[in-house]
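For reference, the chains in residue letters:
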Amino acid sequence: MTLSPANEALAAEIIGWFPRPRSALIPLLHLAQAQDGYLTDEAMRRVGELVGATPAEVKGTAGFYEMFRFEPVGTYLVNVCTNISCLLWGGEELLEHACESLDVEVGGTTDDGMFTVEEAECVAACTEAPCLQVNYRYRGRVSPADFDRLIEDLRAGRTSIAGHGVLAQVRQSIPADRLAGVVPPEQAREAPVWLARNEAGASG
Amino acid sequence: MGAPSATGGYLAPLPDRSAGAGYLQHAPGYVLNDGPKLITGRFVHEDSFTLERSVATGGYEGLRAALEMTPAAVHDEVRAATLLGRGGAGFPAGVKWGFLPPGKRPYYLVVNGDESEPGTYKDRLLMERDPHQLIEGCLIACYALGLQQCFLYVRGEMALAQERIAAALNDAYEAGYVGREICGSDFSVDIVMAWGAGAYIVGEETALIESLEGRRGMPRLKPPYFPAAVGLYGQPTIVNNVETLSNLPWLMVNGSEAYKGHGSESSPGTRMFAVSGHLRRPGVYEVEHGVTTFRELIYGDNFCRGIRDGNELKMFIPGGGSAPWFFEDHLDLPLEARPVGAAGSMLGSGAIVIMDDTTDAVRAAWRVVKFFARESCGKCTPCREGTTWLEQILRRILDGEGRPSDIDLLLDIGDNISPGPYPVAAHDGAEAVPFPPRQTTICPLGPSAVAPVVSTIRRFRHEYEAKITRRDPIPIEVVPVGAAR
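Protein chains in written order, with this note's numbering: chain A, 59 to 262; chain B, 18 to 502.
Since the hints were derived computationally from the structure, they do not count as laboratory data.
Among the clues, some could well be false.
Stated by the list, open to error - Here are some, though not all, of the chain A residues that point toward chain B, as calculated from beta-carbon distances under 7 Å: (1) I73; (2) W75; (3) T119; (4) E124; (5) M125; (6) F128; (7) N141; (8) T217; (9) S218; (10) S231; (11) I232; (12) R255.
Said to hold, decoys possible - Now the in silico label distances, taken between C-beta atoms and shown as ranges: (13) F108/B / E66/A: 34 to 44 Å; (14) R297/B / P113/A: 51 to 61 Å; (15) K277/B / A234/A: 42 to 52 Å; (16) A234/A / A275/B: 36 to 46 Å; (17) C200/B / E66/A: 50 to 60 Å; (18) R413/B / A67/A: 49 to 59 Å; (19) E107/A / G193/B: 30 to 40 Å.
Predicted model only: the values in this text are computed from it and were never measured.
All residues carry an ideal CB built from backbone N, CA and C; glycine is no exception.
The following block holds chain B by itself, in its conformation from the complex (with noise of 0.2 Å):
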């Protein structure tokens, strides 16, 4: 706090909030576009939330025609539409529901709704949108795997999605769309709400499941890899992402073919991506997987009609905190998994952060960092000391107090968190090195922290030692113990 921001801040006008730009008054963030709607086709109404609006536009005939079906038939459409998991890490959800052993039930679903990763908002919405189509989408799994129990974990301080959640459930209990014997049929499963209470990590799947069994939320030791294979209890447990689930009303209704009729062959149908920053009209779109490029939605006019003020591109996140930062040559990438983590970053949850010529480079590092560095749950050691050193680092080099070789120390102590080469974009004749990071902890958190600072010493090291101005401290020498003088 203190000296004003580089950053543009107040000093710049907000963007254009009014109804022409596209944004519903109802649903503050998303933008109407004349593209496909395959999971925010009800937005547009304002009681979308409701069971009568719902079931007056389709809803729950997704479970229809799936309880038409055998359900070894339905997990076979999941597994050929190859809808890829939304949460992060783009698992195709299919194959991660074939990992479940068999003969070791009871099996558990849980729902993630503990979005948290900077810059990611969609599966807010979707809950607090249309919570009955995230629920049909959670009876569709249960039916296909046999599962009887499914624990819908809300993040804590998303109040409003709570509301409409319960709310759901409630009136979807008394419809006889969620409990004993649904719709006339001998499909039973109860869905029941749980919610956090303030913690980023709890969105790590293995953290999500201690938080549930009533425990602090630390990730669990691996292997075992998949919760899938010991889960809630100790049982075999699938967990996927709110939005992920969303899509199987619209998938059993039209089909898989159908469904690969949108988006790119390795990643069919739609997503959602938060694009948020120094935008005309920053928004949550719903697009085109994988064809889309980041040009068309950063530029587009369909979507965010470029950067505010007629400003130039200087950096952007393409995938939520955790990802290394893209600039300007990565524009014309497709929203794909493959070719962004080859290109050095990820696209992780669906999340781009604009940031435009004004931006300091260090100063948006630092904020990043910092995130990290409050949110380690202080398991592994490289993480929680090293997220807290690379903070104060930068703080100090921000502050003025930087020295000289806080740069080769910030390199290092990134290196401690995540050995080798780091995940980085090309630049400048050096090549990209493709994602993942490696990692010295349990989990991703701590190497997460290294991308911003990585991603900006390599391209805007000169802004960094513009801000160094002190020299380093004259080394002590040290005189081992007992050694003579």
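Next up, chain A with everything else stripped away, as it sits in the complex (with noise of 0.2 Å):
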């Protein structure tokens, strides 16, 4: 679907805080996702509408980045960490139970949509090696009981991890009263007024 007017209303929020609309391209892609759970090609069109891209140009740099999805993706997408640091405490063995235990390959989701499993890059918990994130939160040092566990606890709705496509679960909001003031950048050419205290010498 095309954004609904709540995320409309966010959208305009954002692209007010960037001095070039377009530099909004990736936080409302996000916003889209976080929707629908993955980017429908309405909510694509609608968000190229309102940063100035065309749906090819969204489409194009939206296909650069690995988190963004075209087509829908399990409920949990569970990113399990194979590089050199968890591959040290056995990722690769990690993944290959994940995979054996849902019984998909990697890359796949489950027949009931609840979960997608992929090989990870590196998430920044090293020293919590064998590492996995599930919808980009993490679980660290986790052998494969644990996944098991953690498999049921969410299959079960113990959890507070929202569905695949939220991230930050708070969002930036700046009150209309406390902006400095976002402009593009033709009519910023003047040095702001407190690099006068360099010509004054004083403190301020």
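Got two chains here, each in a separate frame; can you build the complex from them with the hints?
Printed below as a string of structure tokens:
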């Protein structure tokens, strides 16, 4: 679907924080992915209209980034790291176990649409090897038994992890009277006022 | 997949995670020891990320101190402290700031929080555990340089860091620390969080700027070499690492003299190192910069306490996945850029990966190369093609399909990405080749993929040879087109 009214309002706010609308492209694609779980053609077209990009430019940009999906994935995207630090503590075996116990190939989704398993590159939790992320939330030093318990908990709904697409559960929001003011570069040629303190040489 | 790895895997018990080992349950990976704490001082508090805790423990005092000084004096203080960039290149921040060309306003500050170098994680902890310290650092930099817009770019996969920074920015705006007329002064700046969507190469500063402009994150052609000349929207732009900026509040409160009281003369202050791999106590440590040695960090009681199960060290990566590998002869080098560079590697992003004598060198090298092959953006042919071929040849060697000519082939592909002698550690009478490598590519990603290959072939050629079982195919005679038969 296209963007919901609530997300349209959020999109307008986010665009207002950047000197050029196109800079809001990736944040708005995340907004669309949080709404639908993946990027629909309608949502991408709307985001393109909002930031002044053609549908081809939007898809061409989104396709560069691994996190954007053009087809539905499982409610929980399980990214198992196998990069060097995790390899040393059994990351590949953990990935193999994950695939076996969920009966999927790497990149596959379970029949019930609950889980997609992916092989991930380093997610910056290297001392916690082997580690994984569920919808980009960390679990460290995961043994096969830990993995099975995690899956059981997720199936039973014992989790605070939101569905795929949702990242931060707090959004930035700037009160209008606190915003210093965002303008395109052409309208910001003057040196800011506080630099006059350098000439004055005195403390402010 | 298939055959079990020769790297220990699950057969080895995982390291001790009990609270007594120095780990904090609320900050997994960080180890609390009695070392100096210039930037991790608040980590001990469970609520270190809140404005209340930050302000109660000296938060925003560095900003107030800066506002008492002229902007130029703040810049001088950072220059005097020789604060080295913590992102990988180790360039002095005060000098970088000086590259902004006069009269070409506006200037922008872009914070590089796209931490994704294999083995590295300290920026993530700084963003998750102390976002206000980072915000304060951004404010100090913007005040010193006269910047009115700051973009804080967080890696896409770091949902918690995004959440903590968004919440911290909301509180800081509300409390008057960010935005219009900060702390009632004439200083105003907006800080906006942007976040990525999964691409290692966006950590390269010009690729990050492309991404921030809403495009594919591909590095820009050089020159210009520094975004300080041409950056975001074609304007002069300072790109600083999260850890670099997180040092500024302490520096402003305590001054450059006190800052230089830590670390070595050429590398002052402290630095965070993520030390992972086959250790008894892997962890992220804040250590004295430039004076602590690899040996102390790996074997010291205050740090990692040695290799697991009493095993021997086989090799280690001193500075993230892009760094050539080191061996036991390098343990006594200090954690300082110059000697590490001269010895044939780099300190890079503060990531040290330890591999014990159960590790299969070819397999470990293959995994790092596979990363670069997957993350190559595809802009430069030597990198796009070369990393893929390196990965496939290493894979076939591991699968028992390797040919005797493969070792030379690997080195030849490496030479096409990075011509000439490649940085490598001294071994067996052969001298070290100092860092950095030369490159036929726009950015260092391609040359980085050569590091594990050259490092392991030089030291463990016999392991490659032992895996190579097939003979070379019989060469086919090529008849030139149109030649008489």
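Hint check, I232/A versus chain B [nearest Cβ-Cβ separation less than 7 Å]: holds (6 Å)
Pairwise beta carbon distance, K277/B to A234/A, judged against the given window 42 to 52 Å: holds (44 Å)
36 to 46 Å as the expected CB spacing between A275/B and A234/A, which holds or is violated: holds (41 Å)
Evaluation of the interface hint that places T119/A against chain B, nearest CB under 7 Å: holds (6 Å)
Supplied contact hint for M125/A, tested at 7 Å Cβ to chain B: Constraint on M125/A satisfied, holds at 4 Å.
Pairwise beta carbon distance, E107/A to G193/B, judged against the given window 30 to 40 Å: holds (36 Å)
Hinted contact S218/A with chain B - closest CB pair below 7 Å: violated (12 Å)
51 to 61 Å as the expected CB spacing between P113/A and R297/B, which holds or is violated: For P113/A against R297/B, whose Cβ atoms are near 54 Å apart, the range 51 to 61 Å holds.
Hint check: 7 Å Cβ-Cβ cutoff, I73/A to chain B: Since the shortest Cβ distance to chain B is 11 Å, the answer is violated.
Cβ distance range 50 to 60 Å for C200/B and E66/A, holds or violated: violated (35 Å)
Minimum beta-carbon distance criterion (7 Å), T217/A to chain B: Violated, because the Cβ-Cβ distance from T217/A to chain B comes to roughly 14 Å (cut-off 7 Å).
Cut-off 7 Å, beta-carbon criterion: hint that N141/A touches chain B: holds (5 Å)
Checked against the numbered hints above, the structure breaks hints 1, 6, 8, 9 and 17 and satisfies the rest.
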